[in-house]
Structures are given as structure tokens and as C-alpha cells.
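**Student:** Listed below are the residues making up each chain.
Number of protein chains: 2
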Amino acid sequence: MGFKSDIEIAQECTMAPVTEIAAKAGIEEKYLEQYGKYKAKIDYNLLKESDKKDGKLVLVTAINPTPAGEGKTTTTVGLADGLQKIGKNVMVALREPSLGPVFGVKGGAAGGGYAQVVPMEDINLHFTGDFHAIGAANNLLAAMLDNHIYQGNALNIDPRRITWRRCVDMNDRQLRFVVDGLGGRTNGMPREDGYDITVASEIMAVLCLASDITDLKARLSRVIVGYTYDQKPVTAGDLNAQGAMTALLKDALKPNLVQTLEHVPAIVHGGPFANIAHGCNSVIATKMAMKLGDYAITEAGFGADLGAEKFLDIKCRMAGLRPSAVVVVATVRALKHHGGVAKADLNNENLEALEKGLPNLLQHVDNMKNVYKLPCVVAINAFPTDTKAELDLVEAKCRELGVNVALSEVWAKGGEGGVKLAEEVVRLCEEPNDFSFSYELDGSIEEKLDTIVKRVYHGKGVVLTAAAKKQAKQLEELGYGDCPICMAKTQYSFSDDQKLLGAPKDFEVTVRNLKISAGAGFIVALTGEIMTMPGLPKVPAAEKIDVDESGKITGLF
Amino acid sequence: MGFKSDIEIAQECTMAPVTEIAAKAGIEEKYLEQYGKYKAKIDYNLLKESDKKDGKLVLVTAINPTPAGEGKTTTTVGLADGLQKIGKNVMVALREPSLGPVFGVKGGAAGGGYAQVVPMEDINLHFTGDFHAIGAANNLLAAMLDNHIYQGNALNIDPRRITWRRCVDMNDRQLRFVVDGLGGRTNGMPREDGYDITVASEIMAVLCLASDITDLKARLSRVIVGYTYDQKPVTAGDLNAQGAMTALLKDALKPNLVQTLEHVPAIVHGGPFANIAHGCNSVIATKMAMKLGDYAITEAGFGADLGAEKFLDIKCRMAGLRPSAVVVVATVRALKHHGGVAKADLNNENLEALEKGLPNLLQHVDNMKNVYKLPCVVAINAFPTDTKAELDLVEAKCRELGVNVALSEVWAKGGEGGVKLAEEVVRLCEEPNDFSFSYELDGSIEEKLDTIVKRVYHGKGVVLTAAAKKQAKQLEELGYGDCPICMAKTQYSFSDDQKLLGAPKDFEVTVRNLKISAGAGFIVALTGEIMTMPGLPKVPAAEKIDVDESGKITGLF
Numbered sequence: 001m002g003f004k005s006d007i008e009i010a011q012e013c014t015m016a017p018v019t020e021i022a023a024k025a026g027i028e029e030k031y032l033e034q035y036g037k038y039k040a041k042i043d044y045n046l047l048k049e050s051d052k053k054d055g056k057l058v059l060v061t062a063i064n065p066t067p068a069g070e071g072k073t074t075t076t077v078g079l080a081d082g083l084q085k086i087g088k089n090v091m092v093a094l095r096e097p098s099l100g101p102v103f104g105v106k107g108g109a110a111g112g113g114y115a116q117v118v119p120m121e122d123i124n125l126h127f128t129g130d131f132h133a134i135g136a137a138n139n140l141l142a143a144m145l146d147n148h149i150y151q152g153n154a155l156n157i158d159p160r161r162i163t164w165r166r167c168v169d170m171n172d173r174q175l176r177f178v179v180d181g182l183g184g185r186t187n188g189m190p191r192e193d194g195y196d197i198t199v200a201s202e203i204m205a206v207l208c209l210a211s212d213i214t215d216l217k218a219r220l221s222r223v224i225v226g227y228t229y230d231q232k233p234v235t236a237g238d239l240n241a242q243g244a245m246t247a248l249l250k251d252a253l254k255p256n257l258v259q260t261l262e263h264v265p266a267i268v269h270g271g272p273f274a275n276i277a278h279g280c281n282s283v284i285a286t287k288m289a290m291k292l293g294d295y296a297i298t299e300a301g302f303g304a305d306l307g308a309e310k311f312l313d314i315k316c317r318m319a320g321l322r323p324s325a326v327v328v329v330a331t332v333r334a335l336k337h338h339g340g341v342a343k344a345d346l347n348n349e350n351l352e353a354l355e356k357g358l359p360n361l362l363q364h365v366d367n368m369k370n371v372y373k374l375p376c377v378v379a380i381n382a383f384p385t386d387t388k389a390e391l392d393l394v395e396a397k398c399r400e401l402g403v404n405v406a407l408s409e410v411w412a413k414g415g416e417g418g419v420k421l422a423e424e425v426v427r428l429c430e431e432p433n434d435f436s437f438s439y440e441l442d443g444s445i446e447e448k449l450d451t452i453v454k455r456v457y458h459g460k461g462v463v464l465t466a467a468a469k470k471q472a473k474q475l476e477e478l479g480y481g482d483c484p485i486c487m488a489k490t491q492y493s494f495s496d497d498q499k500l501l502g503a504p505k506d507f508e509v510t511v512r513n514l515k516i517s518a519g520a521g522f523i524v525a526l527t528g529e530i531m532t533m534p535g536l537p538k539v540p541a542a543e544k545i546d547v548d549e550s551g552k553i554t555g556l557f
Numbered sequence: 001m002g003f004k005s006d007i008e009i010a011q012e013c014t015m016a017p018v019t020e021i022a023a024k025a026g027i028e029e030k031y032l033e034q035y036g037k038y039k040a041k042i043d044y045n046l047l048k049e050s051d052k053k054d055g056k057l058v059l060v061t062a063i064n065p066t067p068a069g070e071g072k073t074t075t076t077v078g079l080a081d082g083l084q085k086i087g088k089n090v091m092v093a094l095r096e097p098s099l100g101p102v103f104g105v106k107g108g109a110a111g112g113g114y115a116q117v118v119p120m121e122d123i124n125l126h127f128t129g130d131f132h133a134i135g136a137a138n139n140l141l142a143a144m145l146d147n148h149i150y151q152g153n154a155l156n157i158d159p160r161r162i163t164w165r166r167c168v169d170m171n172d173r174q175l176r177f178v179v180d181g182l183g184g185r186t187n188g189m190p191r192e193d194g195y196d197i198t199v200a201s202e203i204m205a206v207l208c209l210a211s212d213i214t215d216l217k218a219r220l221s222r223v224i225v226g227y228t229y230d231q232k233p234v235t236a237g238d239l240n241a242q243g244a245m246t247a248l249l250k251d252a253l254k255p256n257l258v259q260t261l262e263h264v265p266a267i268v269h270g271g272p273f274a275n276i277a278h279g280c281n282s283v284i285a286t287k288m289a290m291k292l293g294d295y296a297i298t299e300a301g302f303g304a305d306l307g308a309e310k311f312l313d314i315k316c317r318m319a320g321l322r323p324s325a326v327v328v329v330a331t332v333r334a335l336k337h338h339g340g341v342a343k344a345d346l347n348n349e350n351l352e353a354l355e356k357g358l359p360n361l362l363q364h365v366d367n368m369k370n371v372y373k374l375p376c377v378v379a380i381n382a383f384p385t386d387t388k389a390e391l392d393l394v395e396a397k398c399r400e401l402g403v404n405v406a407l408s409e410v411w412a413k414g415g416e417g418g419v420k421l422a423e424e425v426v427r428l429c430e431e432p433n434d435f436s437f438s439y440e441l442d443g444s445i446e447e448k449l450d451t452i453v454k455r456v457y458h459g460k461g462v463v464l465t466a467a468a469k470k471q472a473k474q475l476e477e478l479g480y481g482d483c484p485i486c487m488a489k490t491q492y493s494f495s496d497d498q499k500l501l502g503a504p505k506d507f508e509v510t511v512r513n514l515k516i517s518a519g520a521g522f523i524v525a526l527t528g529e530i531m532t533m534p535g536l537p538k539v540p541a542a543e544k545i546d547v548d549e550s551g552k553i554t555g556l557f
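From first to last, the protein sequence lines are chains A and B.
Going by the UniProt record's numbering, the letters in the first sequence line up with residues 1 to 557, in that order.
Going by the UniProt record's numbering, the letters in the second sequence line up with residues 1 to 557, in that order.
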């Protein structure tokens, strides 16, 4: 039996005009800016001017994933559809996809099966132009920086210490390491340079953490682009770039409204990397979803050790958000993977391995309940290859240990398949909670890192290389000691070793590099090499994408 | 006395909702895709499905300009406003501005004074995202090309003969000459590379010449990206890139609807360079303006020797367009400049120099009437510094020589200042015309070049360097001999020497380089170095741009 592809399912959907979706969400016409018939931007002034009480915020996160991903976005969308099925006023808030994966390996990123946001082609291709605007702001800053050096370098910037890279929303390995400014005196100043994919630009993180346009401009002006010959930081504000950058971003700051296949209003806005940045949709999008819905369902990148940790410790802290419940997505496949099953065998029933993989899930649940003190439910995201015995086992084991659990069949059945999970989420949202952060901001950088490793990862503690120790000291001297930490670590393990599956113990996490993202307002702790510019595979997905004469797109997954 | 800045005038305008503008233009709702409240895209299917008779096409061009420009866009907009004043159903079709000049020296490009298109901030900043889409398509092709080489180079592409460059919509001299693919085996293949500004990308020319989405894809697939080790051309089609590129461009192909300050429907779409490309708005935009209006007013870049020549010989020929009249814009300042007055003295009355500069204008008018056989009128674009004696002299001299002439005061007075010109244009459009091209396609490349130099520039003939002669032979062997020619020449003179002002005689034009733009379908003839990536000035305009907390932009000119 063949399954329909995501794009086939998406294109079969009769979408409601975005004006209807807006009306359903209670957005007055004056706050709506249509982008075509099925997309719109929402004026952020609605946030200030509405007197509706904020809805409940629900975070969807996951166990440590396999490389295939565990369906967080699908579950997030399906949970929202399920809440609608049981009569709730719900909004979903997701990240925007990058063009890189669309043309590379992964394909689109707007949910899957019968739990998607639409129009999926548009959402995956340019959408409302936010990422291009971010790229333009990033590259304007780069051009102004190099122009400053070319025009006499009044700020005394050391071309060898420039940290600002150009960006493009594309998988283009050829641009990772370049030398630019070649061609002689009139063509710039030769220096080493390189490109990141746009989602890895600090501007993306800045946009996603900004509370309004004034905060956006202030953050942009604090962005560090490099250091002087005497090692002082140089900022975008020093180059007078923040005004023009804000002008480029003024529309990108407005959250985008679309819909799920079942016409639940969906906000899709922002998409920072989940390693060197915090991996969540924008603060404004999340607040807008809470302002409009009685339930706002959102997600965070990677597993809960990275995604939920940063969502809670960085985003919620900076934005003053208080979640009501957490959903931890698990799949039978990923649990078997954590139980030691090889990739080729993941589709075969294996109850023993499944049980052996459970501690990974349980430790994430434990973190949510006992570190962050939030009500939590496990959503088992059903795959067609799962057997009934496997699904029953996970459910039984969770119940045995007092863990809330619900089977989610949203990929195959849409909202109907999310009703059980929705009912559980509604119940949890009524529970009182004592939301806490995993660490406080007032310790030293090393202390904060150590707390994350011990409390969230359950390791022995952090180890800083000599270089990282020196960087920590410098950052504290520069006044950045009180910033939250943004961990850049493998998403496949609680540890910094992607091969340590399950719930490893007795490991140390080594931080090799500490960098300040002064605009975003966090310190990035790198535990290894992080790829900020992906490459295309041997046969890029782009080769299969086509458009017919009516403009209908095929080959997008 | 101070004048209001363009942005101040633009922001004082109470715009009509774009739905009202669309209704006024006779665009049914099903063809309209709103982008915010004051911008929209028009579905190109309207072109096929409407049964309205096409309106008259009027081209606005100019004498050889001074570096300040002679106000073609301003006159184009004001003429449309003037036609509305006298009760005509009119549409205007313009090019989209690039972000490069906005942040560099020139500022915005949406008309000036009381003859502008609005919302000017949006039109100048991202607009509906077309240029970013073009950049993404351009850079996807580049990434697929380098990835092909990295993954084994089955097509045998010579990395030293790659002609495809990356692009960004920014003035960034640092990127003119780069070496990329550095960093070792996993990071690409080191080679020389470089960036153009997006408007100089062949994709821009392709989009602007495409008649529909099928033609767009066919043109993209013909784009040449480089040559093999045995010197065979390699195309985007060879890389299977045309489908994904078309998918990226499917919305960019739809023309954008905005309005003039006086609420005349305006289409602003596409903006190819006027040197290495043909410098006009898109074919689809022009056809749409003719389909909707009884009069469609459009413009072409630079002076008439370049802009009108390419508009008529390339765009009208490819698209089967037939203009009804031509407006040649002249200013008192530019005429004095052609009469030998130095820049510093251009604001002082000088009747003698003015008369001495007239032959430049008259030769352009003569070309329109006697080469292209089109009715023609001179529009004197009045500046605040012009004296009455000067304005009177130009008008009297034109009349004396039987040249139609009208004073245009649209910069200061809007449509009211364009009524005289509008009346003259209406009259000319009723005249029969015998529109002809300046050259036919069936001669050799050198013959066509020679014809342009003799008939349009009034020089002695063309000279090809040895390299250009060899290139002409190669292009003819490859089957490109029948393509029209796209001249890349200084815009300041009829000749290839920017210092030869007025109507020079006895000069030869030297073509140094011939390149095929196989997707656009023309041969670019370069007469000197053409800068395809501008730089920022000492104090970029970007430093003065700002946004307040309500999102209102200041400092954009």
C-alpha cells in the first residue's frame, strides 16, 4: 500500500481564506495584512491593544531523536487540531522552514501526513519573505562593516578578528570558507570570511527574542561584529547600522498567520538554529498565539535536553512566559534506537529493546516535572510500522511509573487522532504548577554550565578547556556574565557524545568554546564543531521539484 | 525656502486600499493577491482571460543624462497622473528599485516630488520579495553547480570557466572578487568566484522577458553557467535546476500593483540592469498595463540610445509589443551640461550653453521618428532652478524645428503639472505609425553591432577587438548568431566615451567582449568595464535610515 506524500495531502485541502481564519482567531481586520489569499501578517499592536486574557501555553518537545526526527511539528499541529475537535479555542505557533533543507535532503518542514500547516508550498518557499529580510539585514551589516574598513577604518577594527559572517538561506558548502576583498585596492580589503545559512545568523535569534520594534533596534545595536586591534568589541551600533537593519526587519517582525489542514489558525514565525541559537519560534508569535487562543501550542527544536531547556531557560525567562503543560513526544522507533537497535532494524518489532530505551524518555519527563516543575504528558507519535504490542507496552510502562501518556495518531488521522492527547493536555493545564528555571542567572558562567549538565543532562559536571576558561573570564569582564547560556551540543544524546544513547550516567560535558551573542543576549557554549552552513547531497531534492504551467508545484516533500 | 523630501510627501499621502485601486483598474478579485493593505500581486492568468482590447503603449525615455538623472520615472508617473486628470483610463508600469542604491548613495527610486508611486518605503525595501526570490534562484543554481563539481563533476565542468556568479541585493564591493571552496576536502573545491548585485543577474533579465511560467522555465533551462574542459556550454538544464528555480520564481513572475500619489494604478515589476541587460520592467507587467488601461505608460533605463533602443529592439521584438508614442525627457540642466557647462554651474542661467546642448536632444528625437518611425514628444522636466527664459528657449527651439514639446511640472505639481504633456501624448497616440526595429536579426553579430552604431549612435561604425571577433565567431558557431544585441555602454554619451557630449560625430565604438545571455536570449556587447557590484560610499545612506516604535521609517530619500 502506498501512502500519499505530504504535498499531495496538502494540495487536496480546501483552504479557508486567511480572512476567515483571522476572523475565527478574533483578529480584527485592521490588524491583518494579507499576503496572497492564504497567508497574512498580524500587526503586533494587537498584543498591546487587546484586552483578552492570555491563553494557556503548552510546549511540545521530544526525547532525544533519531536522525529521522520524531514528529514534534506533526504532533504540535495534530494536538491543536485535536483541541479544536473537543471544542477548544486554540492557536498553534511554529517555526518557519529554511530553504536549505527544502532543496537539500530533508524536504519541507510544516508537519506531516494529516497534521500539516498549509499552504505548505508557500510556507516552504519564501513564505512572507522573513528569512530574506533577515539575510538582507545580516548582509547589510557585513557590507557596512567592510565598507568602514575600506573607507579608513576609523574604529580600528582588526580584519583578522571579525566575527560577523555573511549569510544566505541556502545549503552551499562552497561558501563555508572564503577569502573576499580580492582584486586590488578599489575592491575592498582581502580577509578570511565565510557564510552561514540564514537561520544560523544572530539576526534570526534577535528577531525571535525581540519584544517589539524598539527592543529589536536596541538588540541589533548591541550585536558584536568583531574586535579592534586592542581587543575591544565593535557593535552594529558603532557602525550606525541598527536603524537601517530595523527598517529591513520591520515587517519580518510581524507574525505570519496560516492554517492547519483542519483550519485551526496557525502562526508560523521565525526559526533560529537549535544549537548556536535557542531553536523556538518568535516571542511575539508565542505571545500572539496566547493572546488569541485559550490554548497556545508551540514547539522547540531537537530533544527536551536542548529544545525545552532553551525554551524554558532562555525564551520564557526573557519574555516572562509561563507554560501550563509540556508534551514530550516519543516514537516506538526512537525508543528502540535508544534500546540499541540498528537503523536497518527499527521497523521490526522488538519489545525488549523498546523497554530498554524507555529511560531516555523517563529522564526527560522527570526533568519537566521535577526540575522545571511543570505538568507533563508523553505523546506516543504512532508510525505505520509500530505494532500494537509495542504501542501497548510503552503505554503500560508509562502508566506503571505514574507517567501521563496518550497515543497520538495525528499523522494518519489528523485532529481525530489527537483527541486523547488533547483531553490529557486540557486536564494538565488545570493543574497548578510551580514553574522554575534550571539555573539562575547570577552564578558564574562555569557554575551555570555545571548546573545545566548536572540537573538537565544528569552528567557529573562540566569541563571547560583552557581556551573556554579564558573566554569565560573575558566575557565576565566585558559584563556578559549574567546572560543565560545557549548550549550547542549533539541532539542525539543527553551527553556531548552522540553515541551515548538512553539515559547515560557518569559523563562529563566538555565546553570548548564560549561566544557571546550580545544582541540575542545569551552566551553560546559549544561542545564540539557545529556546522552552520550545510551542503547539498549527491542528488539534491531541488532536482525533483517542478512547477506546471498553472503554477502548481510538485516534488516538494 | 526648503522643499519637502520625497518620503515626507509620500507619507502625507492618504493611500487608497489596494483593493480599491484594483477595482478601479478593472481587476477582478480572483486575480488579486494582497500583500499588506497597499500592495498586491496580479495573477498573470488575467492576461489570457480578459477580452478587453489592449491599450496604447507609451514609452518614456530621455536624453543622455547627467549623473543626477533627468527624472524619467518622475515624468512617467506624472504623465500618468496627467492622463487621469484629463479623464483617461491609464496604468503606469515601472521598474522595481534595488536595495543597493537605497543604502548607498542614490536613495529610493519610485519617482520624486509630487509624482511618486506609494507606499514608497515598501517599494524601496523588499517590496513583495521579488528581488530576494531572484537572488535565491540565482544562488540555488550556483550551489547546485558547485555541488555538482564537488560530488564528482560528471558533466566535466572546468572550474576555471564558470561564468555563473552568486548575487545579493546589496552594494558590497568586498564580494566582487573572492576565492571560495576553501577549508579542505569536505568544504567544496577552491576556485575564483564573485558576486553581482541581484539586478545584474541574468535571472532578472529572464524573469522580465518571460511571457509565462512555461517560457520562464524554458529560458531558465537555457541559462549557461560555464563551460566544460572541452569548451562545451553547460546549462542550468544540464544541472536539473530549472524546476526548483521556477518554483522559487513563480510568485515573483506576478506583477505588483501599487498606486501613484494621485491613486493611478501602477504596476512596479522587475528591474534588470540597463547595461548588461535591457533595463525595462517585465514584459508581463507591460502587457498587464496595456490589458487594463487604455493608456499604458512605461519607461526604460538610461538615455534613449541605450534604454529606448533595447526597449524597442529587444523587449518589443521578443514580446510582440507595438508602442504608440515616445516621450523624450530633457532637463535644462542636462542640456546645459551637453552644452559644456561644468557641474558646479548647472544651476546658473546660461542660454548659450543651453542652445549648444540641444543637438543631443534633437538626435534622440530624430532616432525615434526616423529610425523607429514612432510619434515623439519632448517633455521638459522643470526643475526649481530653471529660469523662465531657459524654459522658453527650449520650447521655442523645438517648435522652430518642428519637434513636439511640452513643459512637464509634475515634480512640483503632480498630475496638474502633467496635463499639457498628457494632451500631447493623447494626440500622438492617434497618429498612425510604422514602427520598425533599428536592425534585423538575420545579419552577422558584427553587422548588427555596426548597424546600431551607425543608425542609433550616429558613429562611423563598430570596431571589434581581436578577442571580441573570436567570441562573435564562437557564438555564431554555437547557434546564437540570430540573437538581438544588448549594448553595455556608457549612458552619458552617444559614443563609448563618456566625455563626448552633445551629438558627437566621426567616432567608432569599440566592442571588447561579447557574452551570450542564453536564458534572456541576447548577446551582451561590452564596450568597456561594467561594474556589476557597486560599493557603498564613505557615509552610506543606510546610516541615516531609522524606524520609530510605530514602524514609521525616516531618512529614506
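Please note that the accuracy of each hint is not assured.
The list makes no distinction among identical chains, and a pair is therefore deemed to hold if it is satisfied within one copy or across any two copies.
Below, in silico cross-link-like pairs of lysine-lysine (DSSO-like), each with a Cα-Cα straight-line distance of 27 Å or less [stated by the list, open to error]:
1. Lys538 to Lys232
2. Lys544 to Lys232
3. Lys460 to Lys538
4. Lys538 to Lys470
5. Lys552 to Lys48
6. Lys85 to Lys48
7. Lys24 to Lys37
8. Lys469 to Lys454
9. Lys52 to Lys24
The set of hints was computed from the structure by calculation and includes no laboratory data.
**Student:** What are the numbers of the hints that this structure violates, sorted from low to high?
**Tutor:** 3, 4, 6
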